[in-house]
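Participant: So you can see what is in the structure, the chains are spelled out below.
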Amino acid sequence: MAKNAKATAVTAPKPSLAKRVRNMSDTNLLLTITITVFVLMYLSAILFLGSGFLKPQMFLNILNENAALIILSCAMSLVMITGGIDISVGTMTALVCMSCAVHLDYKGGNVFTALLIALAIGVGYGLVQGYLVAYLNIQPFIVSLAGMFFAKGATTIVNATQFNVENAQFQALKSKRIYVPGLGSTNKHGIYIPAYVEIGVIVALLVVIGLFVFLRWTKMGRSFYAVGGNAANASLLGINVKLTKFTAHMMCSVIASIGGFVYFMHVGSGSPSHAAGAEMNAIASSIIGGTMLSGGVGNIAGTFFGVLSLSTIKNIVSALGFDEAWWTNITVAAMLCLFLVIQSIVLKRKTNK
Amino acid sequence: MTQKVSTKKSGSFLETVVALTRKQFFIPIAALTILVLFNLIMDPSFFAIKLGTNSNGDPVLSGYLITILNNASELVILAIGMTLVTSASGGQDISVGSTIAIAGSVILRILCNRPITVANMLFAFLVAAIVSMIFGAFNGVLVAYFKIQPMIATLILFTAGRSIAAWINNNTLPVINDPTFAYFGNFIPGIPVPTPFFIAAICVIIITLVLKFTTLGLYSQAVGINPSSSRLNGIDPAKVKLITYIILGLCVAVVGLIKVSRISTINYSVVAKDIEMDAILAVALGGNSLGGGKFNMASSIMGAYIIQFLTTTLFKFKVESTALPAYKAIVVIILVVLSAPVVREKMSAFWKKVTSKSAKEAA
Numbered sequence: 001m002a003k004n005a006k007a008t009a010v011t012a013p014k015p016s017l018a019k020r021v022r023n024m025s026d027t028n029l030l031l032t033i034t035i036t037v038f039v040l041m042y043l044s045a046i047l048f049l050g051s052g053f054l055k056p057q058m059f060l061n062i063l064n065e066n067a068a069l070i071i072l073s074c075a076m077s078l079v080m081i082t083g084g085i086d087i088s089v090g091t092m093t094a095l096v097c098m099s100c101a102v103h104l105d106y107k108g109g110n111v112f113t114a115l116l117i118a119l120a121i122g123v124g125y126g127l128v129q130g131y132l133v134a135y136l137n138i139q140p141f142i143v144s145l146a147g148m149f150f151a152k153g154a155t156t157i158v159n160a161t162q163f164n165v166e167n168a169q170f171q172a173l174k175s176k177r178i179y180v181p182g183l184g185s186t187n188k189h190g191i192y193i194p195a196y197v198e199i200g201v202i203v204a205l206l207v208v209i210g211l212f213v214f215l216r217w218t219k220m221g222r223s224f225y226a227v228g229g230n231a232a233n234a235s236l237l238g239i240n241v242k243l244t245k246f247t248a249h250m251m252c253s254v255i256a257s258i259g260g261f262v263y264f265m266h267v268g269s270g271s272p273s274h275a276a277g278a279e280m281n282a283i284a285s286s287i288i289g290g291t292m293l294s295g296g297v298g299n300i301a302g303t304f305f306g307v308l309s310l311s312t313i314k315n316i317v318s319a320l321g322f323d324e325a326w327w328t329n330i331t332v333a334a335m336l337c338l339f340l341v342i343q344s345i346v347l348k349r350k351t352n353k
Numbered sequence: 001m002t003q004k005v006s007t008k009k010s011g012s013f014l015e016t017v018v019a020l021t022r023k024q025f026f027i028p029i030a031a032l033t034i035l036v037l038f039n040l041i042m043d044p045s046f047f048a049i050k051l052g053t054n055s056n057g058d059p060v061l062s063g064y065l066i067t068i069l070n071n072a073s074e075l076v077i078l079a080i081g082m083t084l085v086t087s088a089s090g091g092q093d094i095s096v097g098s099t100i101a102i103a104g105s106v107i108l109r110i111l112c113n114r115p116i117t118v119a120n121m122l123f124a125f126l127v128a129a130i131v132s133m134i135f136g137a138f139n140g141v142l143v144a145y146f147k148i149q150p151m152i153a154t155l156i157l158f159t160a161g162r163s164i165a166a167w168i169n170n171n172t173l174p175v176i177n178d179p180t181f182a183y184f185g186n187f188i189p190g191i192p193v194p195t196p197f198f199i200a201a202i203c204v205i206i207i208t209l210v211l212k213f214t215t216l217g218l219y220s221q222a223v224g225i226n227p228s229s230s231r232l233n234g235i236d237p238a239k240v241k242l243i244t245y246i247i248l249g250l251c252v253a254v255v256g257l258i259k260v261s262r263i264s265t266i267n268y269s270v271v272a273k274d275i276e277m278d279a280i281l282a283v284a285l286g287g288n289s290l291g292g293g294k295f296n297m298a299s300s301i302m303g304a305y306i307i308q309f310l311t312t313t314l315f316k317f318k319v320e321s322t323a324l325p326a327y328k329a330i331v332v333i334i335l336v337v338l339s340a341p342v343v344r345e346k347m348s349a350f351w352k353k354v355t356s357k358s359a360k361e362a363a
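Which chain is which? The protein sequence lines are Z and L, in order. The numbering of the first sequence is this note's numbering, which starts it at 1 and goes up by one. The numbering of the second sequence is this note's numbering, which starts it at 1 and goes up by one.
Derived from the structure by calculation, the hints contain no laboratory data. Among the clues, some could well be false.
Unchecked claim - DSSO-like cross-link-like pairs, simulated, lysine-lysine; straight-line CA separation at most 30 Å: (1) Z:Lys-19 / Z:Lys-107; (2) L:Lys-352 / Z:Lys-242; (3) L:Lys-346 / L:Lys-50; (4) L:Lys-318 / L:Lys-360; (5) L:Lys-294 / Z:Lys-242; (6) L:Lys-353 / Z:Lys-242; (7) Z:Lys-107 / L:Lys-212; (8) L:Lys-212 / L:Lys-23; (9) L:Lys-147 / Z:Lys-242; (10) L:Lys-23 / L:Lys-294; (11) L:Lys-147 / L:Lys-239; (12) L:Lys-352 / L:Lys-294; (13) L:Lys-318 / L:Lys-273; (14) L:Lys-360 / L:Lys-346; (15) Z:Lys-348 / L:Lys-147; (16) Z:Lys-107 / Z:Lys-176; (17) L:Lys-357 / Z:Lys-19; (18) L:Lys-346 / Z:Lys-242; (19) Z:Lys-242 / L:Lys-360; (20) Z:Lys-348 / L:Lys-239; (21) L:Lys-23 / L:Lys-318; (22) Z:Lys-348 / L:Lys-294; (23) Z:Lys-314 / L:Lys-273; (24) L:Lys-357 / L:Lys-23; (25) Z:Lys-314 / L:Lys-346.
What the hints assert, rightly or not - Take a look, some chain L residues computed to stay more than 10 Å from chain Z by CB distance: (26) Ile-164; (27) Ile-188; (28) Ser-348.
Claimed, not checked - Estimated spans, in silico, between C-beta atoms of each pair: (29) L:Leu-32 / Z:Glu-65: 45 to 55 Å; (30) Z:Ala-232 / L:Leu-32: 51 to 61 Å; (31) L:Ala-137 / Z:Ala-168: 30 to 40 Å; (32) L:Leu-173 / Z:Ala-232: 50 to 60 Å; (33) L:Thr-180 / Z:Leu-40: 50 to 60 Å.
Idealized CB from N, CA, C, for every residue including glycine.
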């Protein structure tokens, strides 16, 4: 008996790796898988595809290209954690771009009021969708489907054709580059080129950090998980389920409108076809990042790595010489499939233990 | 005295109205009535049907109603499969648009190098049906055996489907010039009603017979309501879910045939775009829960016709095709809000208050 107790006492502080994995929460386990896969993928890209992936600017360009998608995916993760979904974020981005573009170029507005317009669209969407989902109990898929249709039509009502914004103030903001010290490289002429990121990346990183803190350490953030895991139990624990769902949809729409503005800053134009399919990319990134549509499981850091994995695989495919557009889609789908199967197997094992 | 009687009558009338609103088919019928009335008031010529001749001299019917019957066919066929999938798996298949592109691509690939005969067309359709049933089974396996949420599992094919369709034909756009091939999507000479309507009608008849004479409907509802209790009753939930996805695959193949036959060629990125959203909407407008369980096939089919009715009405009033989704969204929101259980309860409570008040006043 004493020997047994001693043995457990010795092994308790240092459980085996398998045991530690088994004792992890779903959220952390899926997060670990995502980060591992991303690191492995990037390392193998460096090893097999040469120096292109070794340059810091290559990595920073992934961030530059995907700053808006990171923000949209974070917004998507928020509602997915509460067990909902919002497929209106993609077309809402197009609506934000078009409204801001028209405001800046045709109505002579400035960047600040354009940002206010973007936020107003987000708040409006959040109010309507949040109310319908939380207080009238309508399925979030249908509500946001209508939201998606509405934004799609409204974009063309605002302006039906694509045009580039020429507002000087906006152009200055768009082309502003923030240099990252110590990461530059010298080109073949021996000139030092500093590595840079766009403003959108800073915004995206702030959103990621902010939401990470929010979900991990605030009362409302924790109740997101509780409501997504089991709304009835959450209600018994004294959580205001309706308010939580409303807040999730509100935050999602507002953050998505910020994402829309970041997208606008990146492309600098308004077009009805902007961000087409971004909602599906955002859902895919959230899934790869370990957020589950059934709710209650997910992590913003995972979503961040999900976006990075998705765009890294796209870069790898084009670096391998498969330039036709269909290869990218097929690889992304294959990757999504792989992740889904891994997740399902991992979670099944845990429930069977 | 007479006054009292009349209020009593109106009270009971209101009660029957309230009872009617609780029925599942109330929303689709009410929506259809409103649309019909709106068109009658605005412009009764909406319902005119003319018998004319097309460029080949064959008799064809034309008019907005015929347009609705014609264009809703794809949606009706998809709504059949989508209702079953929704009922059994509690989720929706968003890959149908992409799989239609694959099915259409397969049909064109087989037919573009062969003479257009009945046997060849049948062969092409059968291959397309098998291919889309395999893709349906792929979705079904992910949902049923890997227990992935349907929307996420079908996101895979949603992403890759159109690329696979382009890949099947090496990204070329085969065109079939034989007019016989266009029969499925247009008119058969001598018959003035568009063929897609007949195809949709055949599908509706088949599914009605299947639901009446097999246990498919019962099993998928049982699985949708409670998978574990249906397992205890000897139903294999995974198998039932898989079968519903394969049936949806078959529906997709039929729609693919109609779609490529309409224009005798295919555009991979545009064909059947956003049709998955309309199909899901048809199921929801029919008053079916998107969370699975009980379903009513007739209301789903009616939902599909309502969506097309709405689209055609908006087109008639010169709404730009790109701006159309915005108006559609508003109508959809009104419909789902009216059909939400919370709102209905409040409404019936309000009616009761009104009726009791009027009864009191009369007394």
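Participant: Each hint needs a verdict: does it hold in this structure or not?
Facilitator: Structure-based check of each hint:
Simply put, Lys-19 (chain Z) and Lys-107 (chain Z) have alpha-carbon atoms about 63 Å apart, too far for the 30 Å limit, and the pair is violated. Among the hinted pairs, Lys-352 (chain L) with Lys-242 (chain Z) is consistent with the structure: their alpha-carbon atoms are about 27 Å apart, no more than 30 Å. Restraint check: the Cα-Cα separation between Lys-346 (chain L) and Lys-50 (chain L) comes to about 46 Å, which exceeds 30 Å; the hinted pair is violated. Restraint check: the Cα-Cα separation between Lys-318 (chain L) and Lys-360 (chain L) comes to about 50 Å, which exceeds 30 Å; the hinted pair is violated.
A hinted pair counts as satisfied when its Cα atoms are at most 30 Å apart, and Lys-294 (chain L) with Lys-242 (chain Z) qualifies at roughly 26 Å. With a CA separation close to 27 Å, the supplied pair Lys-353 (chain L) and Lys-242 (chain Z) stays within the 30 Å bound. Under the criterion of a C-alpha separation no larger than 30 Å, the hint pairing Lys-107 (chain Z) with Lys-212 (chain L) is inconsistent with the structure, at around 62 Å. A C-alpha spacing of about 21 Å is found between Lys-212 (chain L) and Lys-23 (chain L), which places the hinted pair at or below 30 Å, so the restraint holds.
The suggested pairing of Lys-147 (chain L) with Lys-242 (chain Z) holds, with an alpha-carbon distance near 28 Å, which does not exceed 30 Å. With a CA separation close to 13 Å, the supplied pair Lys-23 (chain L) and Lys-294 (chain L) stays within the 30 Å bound. With a CA separation close to 12 Å, the supplied pair Lys-147 (chain L) and Lys-239 (chain L) stays within the 30 Å bound. For the given pair, Lys-352 (chain L) sits about 28 Å from Lys-294 (chain L) by alpha-carbon distance, which is consistent with the 30 Å threshold.
Straight-line distance between C-alpha atoms of Lys-318 (chain L) and Lys-273 (chain L) comes to about 22 Å, which keeps the hinted pair within the 30 Å bound. With a C-alpha separation of about 21 Å, the suggested pair Lys-360 (chain L) and Lys-346 (chain L) falls inside the 30 Å cut-off, and the hint holds. Annotation: proposed proximity of Lys-348 (chain Z) to Lys-147 (chain L) holds, straight-line Cα distance about 9 Å (limit 30 Å). The hinted pair formed by Lys-107 (chain Z) and Lys-176 (chain Z) meets the criterion: a straight-line CA distance of about 24 Å does not exceed 30 Å.
Between Lys-357 (chain L) and Lys-19 (chain Z) the CA atoms are separated by roughly 68 Å; this puts the pair beyond 30 Å, and the hint is violated. For the proposed pair Lys-346 (chain L) and Lys-242 (chain Z), the alpha carbon gap of about 17 Å is at most 30 Å, so the pair holds. Of the supplied pair hints, the one linking Lys-242 (chain Z) and Lys-360 (chain L) is violated, its CA atoms being roughly 37 Å apart against a limit of 30 Å. The suggested pairing of Lys-348 (chain Z) with Lys-239 (chain L) holds, with an alpha-carbon distance near 19 Å, which does not exceed 30 Å.
A C-alpha spacing of about 35 Å is found between Lys-23 (chain L) and Lys-318 (chain L), which places the hinted pair above 30 Å, so the restraint is violated. For the proposed pair Lys-348 (chain Z) and Lys-294 (chain L), the alpha carbon gap of about 28 Å is at most 30 Å, so the pair holds. About 24 Å separates the Cα atoms of Lys-314 (chain Z) and Lys-273 (chain L), which keeps this hinted pair within 30 Å; it holds. Proximity of Lys-357 (chain L) to Lys-23 (chain L) is assessed by CA-CA distance (about 25 Å); at most 30 Å being required, the pair is judged to hold.
For the proposed pair Lys-314 (chain Z) and Lys-346 (chain L), the alpha carbon gap of about 51 Å is over 30 Å, so the pair is violated. Residue-level check failed: Ile-164 (chain L) sits 7 Å from the nearest beta carbon of chain Z, not beyond 10 Å. Every CB of chain Z is more than 10 Å from the CB of Ile-188 (chain L) (nearest about 35 Å), matching its label as outside the interface. With a cut of 10 Å on Cβ distances, Ser-348 (chain L) stays outside the contact zone with chain Z, its closest approach being about 15 Å.
Checking the proposed 45 to 55 Å range against Leu-32 (chain L) and Glu-65 (chain Z) shows it holds: the Cβ atoms sit about 47 Å from each other. The beta-carbon spacing between Ala-232 (chain Z) and Leu-32 (chain L), approximately 37 Å, falls outside the hinted interval of 51 to 61 Å. About 57 Å separates the C-beta atoms of Ala-137 (chain L) and Ala-168 (chain Z), a value inconsistent with the hinted range of 30 to 40 Å. In this structure the hint that Leu-173 (chain L) and Ala-232 (chain Z) lie 50 to 60 Å apart at CB holds, the actual value being about 53 Å.
The hinted range of 50 to 60 Å is satisfied by Thr-180 (chain L) and Leu-40 (chain Z), whose Cβ atoms lie roughly 55 Å apart.
The structure does not agree with the numbered hints 1, 3, 4, 7, 17, 19, 21, 25, 26, 30, 31 stated previously, though it agrees with the rest.
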